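From just these sequences and the hints, can you work out the full model?
Taken in sequence, the protein lines are chains A and B. Residue 119 in our numbering sits at position 119 of the first sequence, and the numbers go up by one each step. Residue 20 in our numbering sits at position 20 of the second sequence, and the numbers go up by one each step.
Among these hints, one or two may not hold up.
[As the list claims (entries may be wrong)] Among the chain B residues that face chain A by a calculated CB cut under 8 angstroms, a handful are:
#, residue
1, Lys26
2, Ile29
3, Gln85
4, Val86
5, Arg91
6, Pro94
7, Ala95
8, Arg164
It should be emphasised that the hints constitute simulated quantities derived from the structure, not laboratory data. Note that the structure is a prediction, hence the values are computed from the model and not measured. Ideal Cβ positions, reconstructed from N, Cα and C, are used throughout, including at glycine.
Below, each chain spelled out in residue letters.
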Amino acid sequence: MGEAQDQPAVSVRDVVRHFGRFAALRGITADFAPGQLYVLLGENGAGKSTLLRVIVGLLAPSRGTVRVLGSASIRQVATRFGYMGHAPLLYDEMSALENLQYFAALYGINDRARCENAIRTVGLDPILQRRVGQYSQGMRQRISLARAIVHGPELLFLDEPFSNVDVRSAKQMTRLLATMRDQGTTIFVVTHQAALMEPVADQCLVLDAGRLVARENGIPPRLLTPYLAEERAALQRPVEAKL
Amino acid sequence: MTSAPGLWTITRRSLIKDLRLEWRSKDAINSMLFFALLVVVIFSFGFDPTAEESRRIAGGLLWVAILFATVVALNQTWTRELRNQVLDAYRLSPAPPQALFLAKTVGNFIFVSILEVLMVPLFVVFYNLRSVGPVWQLLVVALLATWALVVNGTFFAALSIRTRSREIMLPLILFPISIPALLAMVDATTSILTGDNSPVFWMRLLAVYDLVFTTVSLLLFEPVLNAE
Numbered sequence: 001m002g003e004a005q006d007q008p009a010v011s012v013r014d015v016v017r018h019f020g021r022f023a024a025l026r027g028i029t030a031d032f033a034p035g036q037l038y039v040l041l042g043e044n045g046a047g048k049s050t051l052l053r054v055i056v057g058l059l060a061p062s063r064g065t066v067r068v069l070g071s072a073s074i075r076q077v078a079t080r081f082g083y084m085g086h087a088p089l090l091y092d093e094m095s096a097l098e099n100l101q102y103f104a105a106l107y108g109i110n111d112r113a114r115c116e117n118a119i120r121t122v123g124l125d126p127i128l129q130r131r132v133g134q135y136s137q138g139m140r141q142r143i144s145l146a147r148a149i150v151h152g153p154e155l156l157f158l159d160e161p162f163s164n165v166d167v168r169s170a171k172q173m174t175r176l177l178a179t180m181r182d183q184g185t186t187i188f189v190v191t192h193q194a195a196l197m198e199p200v201a202d203q204c205l206v207l208d209a210g211r212l213v214a215r216e217n218g219i220p221p222r223l224l225t226p227y228l229a230e231e232r233a234a235l236q237r238p239v240e241a242k243l
Numbered sequence: 001m002t003s004a005p006g007l008w009t010i011t012r013r014s015l016i017k018d019l020r021l022e023w024r025s026k027d028a029i030n031s032m033l034f035f036a037l038l039v040v041v042i043f044s045f046g047f048d049p050t051a052e053e054s055r056r057i058a059g060g061l062l063w064v065a066i067l068f069a070t071v072v073a074l075n076q077t078w079t080r081e082l083r084n085q086v087l088d089a090y091r092l093s094p095a096p097p098q099a100l101f102l103a104k105t106v107g108n109f110i111f112v113s114i115l116e117v118l119m120v121p122l123f124v125v126f127y128n129l130r131s132v133g134p135v136w137q138l139l140v141v142a143l144l145a146t147w148a149l150v151v152n153g154t155f156f157a158a159l160s161i162r163t164r165s166r167e168i169m170l171p172l173i174l175f176p177i178s179i180p181a182l183l184a185m186v187d188a189t190t191s192i193l194t195g196d197n198s199p200v201f202w203m204r205l206l207a208v209y210d211l212v213f214t215t216v217s218l219l220l221f222e223p224v225l226n227a228e
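The structure is reproduced here in structure tokens:
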């Protein structure tokens with residue numbers, strides 16, 4: 001076995017990130033083996049998105065170090081990872097195919113067929129001429145995923161990929177992620193919909209107030225339950241109608 | 001696996017993308033045109049110059065109108081990169097940061113040139129202008145002056161993009177640093193229109209200004225792009 005395979009896909013050491021006086025991350029240390037699907041769970045403000053943004057280099061850590069694919073310089077491995085953020089990272093005035101062709105070109109790919117294929121992979125029609133601004137939120141999320149994977153990354157970071165996506169499409173996206181993981185891609189998913197990821201997750205990490213408080217194989221039922229219980233409670237809560 | 005793309009390829013792709021976005025939204029061109037048109041019309045009502053006086057003041061009026069209109073366009077250029085946080089996608093890619101800067105600068109150069117092509121005939125009509133000096137020199141001054149405005153403007157617009165009051169911040173930074181270029185473009189234009197002096201000194205000054213600020217902007221753009 002080569003050295004490259006033993007080396008973690010991502011390694012974070014004592015990572016702290018402050019926003020002014022607020023500490024969003026408080027000393028996170030973890031190694032992530034390649035070819036696994038990791039799910040990051042936690043309440044709003046726990047630091048999940050911040051951790052992802054620090055790993056991909058959109059935010060600099062206030063303290064600590066991050067190594068991605070063995071490199072301390074994220075720019076050196078920029079061709080080898082993909083990122084899907086909260087926002088779709090797409091131009092509203094261009095069609096899905098135009099968007100993908102532009103972003104693929106940033107990775108040195110000038111292959112229209114590959115872009116069309118990425119759009120088909122996320123369950124959309126590449127012939128669709130409508131501009132992205134006219135898409136539903138769910139369609140935009142799927143195009144955003146296509147943008148993140150068009151260059152065939154070894155490492156994929158997804159921040160809330162299922163928000164505003166209908167259940168059927170979300171399951172389709174989950175299956176796609178499982179297939180990519182089986183083909184060797186290391187995947188990180190930040191989500192509140194733990195139940196969706198439960199069948200495919202290799203490990204889950206729970207963040208609370210900027211700290212890594214649990215790391216488990218799969219997503220154990222005790223971690224699924226709080227979320228399901230919360231959802232159920234919200235549905236059962238009487239709604240006060242004020243006329 | 002993919003490889004890092006070249007500077008000129010990405011500059012060309014980003015320029016085409018910007019031209020396409022502008023063609024579809026017309027955000028920059030429309031706002032620039034209306035603004036410049038208003039300035040020209042208001043000035044023409046405010047003054048009633050003779051032909052000789054027109055030649056003396058037209059350079060100043062024209063370039064000040066274009067400078068103000070350019071600021072309007074410059075803000076639009078980067079605002080569209082903030083929508084949907086598209087700039088993050090560029091920052092994460094292996095594409096050279098300088099390619100984005102060059103594409104934006106060339107795009108703005110094209111937009112401002114279109115504005116000038118539309119505004120100059122209006123100026124000629126409103127101020128009854130006839131150039132005493134050679135007209136081809138005006139063309140050279142226009143090219144050098146437009147580049148001076150957009151290269152600085154594009155850089156400082158990127159610098160102020162994340163500030164809360166960027167519409168105010170950009171002119172506050174841009175205008176003082178553009179004074180040498182503005183002086184050169186106004187004096188060169190006036191010299192050509194009146195035929196009193198040679199514009200060569202001012203044209204050289206503009207060329208040096210362009211060279212210095214293009215180089216400095218290219219060198220400093222990467223930290224500006226990656227600033228949080």
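Open item on the list: Hint by hint, where does the structure go against what was stated? Just the numbers, ascending.
Closed with: 1, 2, 8
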